[in-house]
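Asks: Sequence:
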Amino acid sequence: WRAGNWDVAAAYAAEDARWSRESGHGEPGGTAYAVALVAAGQGNVNHAREIAAEGMAQADAQGNWTWATHCRWVLGLLELSADDPAAALRWLEPVADALQDRRIGEPGLCWFTPDLIEAWAATGQLDRAADRLAWLHEAERRLDHPWARITAGRAEAALKLAEGNPAAAVRAVARGFRG
307 WRAGNWDVAA
317 AYAAEDARWS
327 RESGHGEPGG
337 TAYAVALVAA
347 GQGNVNHARE
357 IAAEGMAQAD
367 AQGNWTWATH
377 CRWVLGLLEL
387 SADDPAAALR
397 WLEPVADALQ
407 DRRIGEPGLC
417 WFTPDLIEAW
427 AATGQLDRAA
437 DRLAWLHEAE
447 RRLDHPWARI
457 TAGRAEAALK
467 LAEGNPAAAV
477 RAVARGFRG
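Counting in the working numbering, the sequence shown tops out at residue 485, every number present.
Please keep in mind that the hints were generated in silico from the structure rather than gathered at the bench. The structure displayed is predicted, hence computed values, not measured ones. Glycine included, every Cβ here is placed at the ideal spot set by N, Cα and C. A couple of the hints might just be wrong.
[To be verified] Restraint-style ranges between C-beta atoms, simulated for each label pair:
#1 A393 with A436: 14 to 24 Å
#2 E412 with R484: 45 to 55 Å
#3 V314 with N352: 21 to 31 Å
#4 R308 with A393: 21 to 31 Å
#5 G330 with A309: 23 to 33 Å
#6 A367 with R324: 14 to 24 Å
#7 V351 with E328: 37 to 47 Å
#8 G330 with P472: 51 to 61 Å
#9 L432 with S329: 45 to 55 Å
#10 G470 with R327: 43 to 53 Å
#11 I410 with N311: 42 to 52 Å
#12 I410 with Y318: 19 to 29 Å
Whole structure, please, built from the sequences with the hints as guidance.
Replies: Written out as structure tokens, the structure is:
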């Protein structure tokens, strides 16, 4: 999925779904997350939304916080990709709050952070976006974290665009890809 190998990702997600269904030992929320994420990336918005919502409900019913939050992120990602950042925030903010309450500081476990910053910037919540971006930059420096560097560049670009500064947005993206 992360590499953009959609056919391979879809095959793995389908195999996971089949194994989970046939064995009865899978995590329904985890399976739904994988299938929904690939469907979202392939542009199958309605299918992805249906699967993610179902997976979130199943994971919540089982008390499985991890897979419920993953499914919520997919739902937020879908809304952001549909250019509805306010709807995206309804899914992303609870995920951010839950992880913050658990004091998770590893940026790679906060995979939703660039989407959250983008949604806040797009809805005019520039201070909140800047605060979370500062956290991401700090984690990037403290941990020498490549994913945090790249996603901070993307998130900073979204913030700079919302501030009306496209030249700074281009510089932010360029910094993100320097290693």
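Asks: Determine for every hint whether it applies to the structure shown.
Replies: Evaluation of the provided hints:
| no. | hint | verdict |
| --- | --- | --- |
| 1 | A393 with A436: 14 to 24 Å | holds, 22 Å |
| 2 | E412 with R484: 45 to 55 Å | violated, 22 Å |
| 3 | V314 with N352: 21 to 31 Å | holds, 23 Å |
| 4 | R308 with A393: 21 to 31 Å | holds, 24 Å |
| 5 | G330 with A309: 23 to 33 Å | holds, 31 Å |
| 6 | A367 with R324: 14 to 24 Å | holds, 22 Å |
| 7 | V351 with E328: 37 to 47 Å | violated, 28 Å |
| 8 | G330 with P472: 51 to 61 Å | holds, 53 Å |
| 9 | L432 with S329: 45 to 55 Å | holds, 48 Å |
| 10 | G470 with R327: 43 to 53 Å | holds, 50 Å |
| 11 | I410 with N311: 42 to 52 Å | violated, 28 Å |
| 12 | I410 with Y318: 19 to 29 Å | holds, 26 Å |
Checked against the numbered hints listed earlier, the structure breaks hints 2, 7, 11; every other hint is satisfied.
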